[in-house]
Structures are given as C-alpha cells and as structure tokens.
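Protein chains: 2
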Amino acid sequence: MEKIAATDRPIESLLARRWSPRVFDPDRTVSTEELLTCLEAARWSPSCFNEQPWRFLIFDAMVPETLDKARDCLTEGNAWAKQAPVLILPVARKTFTRNNNPNRFAEYDVGAAILSFVLQATALGLFAHQMAGYNTAKARAYFGIPDGFEPQAMVALGYFGSLDALPEAQRSREIAPRTRIPVSEFAFRGGWGQTLT
Amino acid sequence: MEKIAATDRPIESLLARRWSPRVFDPDRTVSTEELLTCLEAARWSPSCFNEQPWRFLIFDAMVPETLDKARDCLTEGNAWAKQAPVLILPVARKTFTRNNNPNRFAEYDVGAAILSFVLQATALGLFAHQMAGYNTAKARAYFGIPDGFEPQAMVALGYFGSLDALPEAQRSREIAPRTRIPVSEFAFRGGWGQTLT
Chain A
0 MEKIAATDRP IESLLARRWS PRVFDPDRTV STEELLTCLE AARWSPSCFN EQPWRFLIFD
60 AMVPETLDKA RDCLTEGNAW AKQAPVLILP VARKTFTRNN NPNRFAEYDV GAAILSFVLQ
120 ATALGLFAHQ MAGYNTAKAR AYFGIPDGFE PQAMVALGYF GSLDALPEAQ RSREIAPRTR
180 IPVSEFAFRG GWGQTLT
Chain B
0 MEKIAATDRP IESLLARRWS PRVFDPDRTV STEELLTCLE AARWSPSCFN EQPWRFLIFD
60 AMVPETLDKA RDCLTEGNAW AKQAPVLILP VARKTFTRNN NPNRFAEYDV GAAILSFVLQ
120 ATALGLFAHQ MAGYNTAKAR AYFGIPDGFE PQAMVALGYF GSLDALPEAQ RSREIAPRTR
180 IPVSEFAFRG GWGQTLT
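The listed protein sequences correspond, in order, to chains A and B. The numbers in the first sequence follow numbering that gives the first Met the number 0, run straight up by one, and end at 196. The numbers in the second sequence follow numbering that gives the first Met the number 0, run straight up by one, and end at 196.
Please note that the accuracy of each hint is not assured.
One copy or any two copies: either way a pair holds, since identical chains are not told apart in the list.
[Stated by the list, open to error] SDA-like, lysine to any residue: derived pairs with alpha carbons at most 25 Å apart:
#, residue 1, residue 2
1, K81, N98
2, K2, A122
3, K81, V62
4, K137, R27
5, K2, I174
6, K93, F159
7, K81, R177
8, K93, G124
9, K93, A136
10, K2, F48
11, K137, A122
Keep in mind the hints are simulated off the structure, nothing from the lab.
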C-alpha cells in the first residue's frame, strides 16, 4: 500500500513515501541483511562532534524470547504493533564519550539517525512506525540498558499487512490522508513569527 | 565536490551523499523556492502524536540585518560558517500543544525533521552543516524565541565553495574521509551488548 504525502511542492520520493502504518504482515520476516542495510544508513547520519550517540536494540524471531519481552513492553493502545516481525528500541547516550559531559544533542542526533534508518527501510519496501507508548522501566530492566543511556521511541518494522481483516474503525484510520500544519506556521524569516514569503 | 560515505553495504544515494562541509560559496544564493522545498520535506517528517514540534528560523540576504545577527551568534570556531548564504535555527517546542504536558520526544522529532530538510537540500545540490557552537542566549534575545521553545543546532546552508583559497590545514580537513564506528558497536540483538550477527 502507498500513502504518498500530499505535498505543497514536489519533494524527494523517498521522503514523500515514508509513512507509519499500523498494519504489518506478521508472516513476512525482515532479513538480517535488510536490518544491516538500514543500520548502515543510520550509521552515516550526522551528529554533534561525530559522537554517534545512537544505539539500537533489535528484537526479532532470531531471539524469540526477547521479541516477546519487547512486545510485552508495549501499551495496550499499541497492541497492533505485536503483529510487526521486528521491534527496535533506539537508545541515546546522554554524555560525550570523550569527557562524559552532558550532550544536549543526544536525542536530536538519535532522532536523525532513526529517520535515516526508516528512510532506508522505505527504500527496501519496508514500513516503520515509531511509538511513545511502551514501558521504559520494563525495557531498561529486560534488556540491561545502562545508566547514562536513555530509551527513545520504540519502532515497529516490517512489510505492510492486509487491510481486509481490520475492524472498520482501524481500517478508516489506515486509509485516512496524512495531515500536517502548513510551512507558514512553523517557518519564520529573521525572527519569531515573521512570515517567510 | 562529492564525498560519498564509504559504506560497508550499499545504501540510498541521498543518504550516502549527504555530508557537512565547512566551505560554502558566499556568492551563490539559495532561493526562497529552494528553502520552501526543504521545509516541505521537513514538514512530512514523523513526530510523536503528530505534534510537529519543529520551528525553523531562516536567516538570509532577504533580511540582511538578522543574518548578521545570526552570524554574530556563532562561536569563533565556526567563523567559517559566516560564508554560508543561509543560517537556519531549528527550535523545539518542549510541550504538547493539546495539553501543555512535557514532550520527551521534542528534540528527537526535531532532529528527524532537520535531517529531512538536509536530505532534501542534498537532493537540490545544496550542502548543510549543523553546529553546536553558537550562543543560545544571544539567539533567544535577538530573535524573540519564546519560553517553552528550545533552540537546537544552528545549520549553515548553501552551495559548496572552493577549496583553492583555504589554508592547508582546513583544506586537509575538508578532503579527509568521513569516519564512523562500525554497526557492530552500536546495534545489538535481544539485549545490551549482544551481537547482531
């Protein structure tokens, strides 16, 4: 399924095609090679002082008991994500490696890295959906995330599933157009609130 | 100039070509149409609850006095960025619009949006370089950034300049290969420190 952004101007196809579904094919797995390709894309993302503060915890059928645990971290509202064959937890290192000073760009840089990951996934025909709704304390305990590292948004990854089996409300949500505020509301020229054009 | 990432696996060309130079052509301007195209790309980035916490302050020759002020915010180490025809300051809204609760994904989502911006810029033949080194207090005061919004990394944007006029040390830095830690050091399967392959 495609749900291309209704952009006001033409943008790169990869950016327009990226979209976060809630329907994944539980039977179509993602290969380690595909995962490594997406991670390679994340690897070349920019970061403050080239710190590369991103870490990625991957959960899939290769280690099924940890995939079960990752699914167990999801809130009830994200139960749909249990259909995804892969869950990924990006984690941010909060300090610089070289001097242990706080890195105020840690989350910002991890956000860029996961977008690189997701765009590469899009290029491979995969879909990703990032979620705030999961239990971070559980995730820390289950997966041994050390102090000084902060879990970010849980990512469901896989191929698109079928709309047919969905209840009507969920089906409508999946096919509803994507929406955004206009550029004029978030971009200013020269000072806060100053119009760009 | 191209400085394509030496990837361990093939990744999308756009991601491999993105690179942060320190040499911009001061005489080649970036059009408003180009800026709007990059902002349109940022617009379609994903965000927690579709909050879209990103704001962008654009400084260019259309409002020269504010471009001067933005340049004045840069640290001495980033003096090279004064050659860039455009400076951009991404700003994160720290709370959700709907309820004013803290948004722990504000920076993470703005980081993704600026990467979308930068990738679109790359597609247009532009280059961008993000910088931590600027005076945030000055920027707040100069540009009227309200409480509850947090300035992120200042971005230099423009076309690539010429290496010829550079001092040897700076020239060497520009042509040095890009480096990253290997995927095996930042991606784990099933638990912290567990090898992926």
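Against the structure, the hints come out as follows:
1. K81 to N98: Neither, since 40 Å and 29 Å both go past 25 Å.
2. K2 to A122: both (14 Å within a copy, 22 Å between copies)
3. K81 to V62: within (15 Å within a copy, 51 Å between copies)
4. K137 to R27: Intra 27 Å, inter 52 Å, cutoff 25 Å: neither.
5. K2 to I174: Intra 8 Å, inter 40 Å, cutoff 25 Å: intra-copy only.
6. K93 to F159: For K93 and F159, the Cα distance exceeds 25 Å both inside one copy (34 Å) and across copies (33 Å).
7. K81 to R177: within (23 Å within a copy, 38 Å between copies)
8. K93 to G124: neither (32 Å within a copy, 33 Å between copies)
9. K93 to A136: both (17 Å within a copy, 22 Å between copies)
10. K2 to F48: between (37 Å within a copy, 18 Å between copies)
11. K137 to A122: Answer is neither; intra-copy 32 Å and inter-copy 41 Å both fail.
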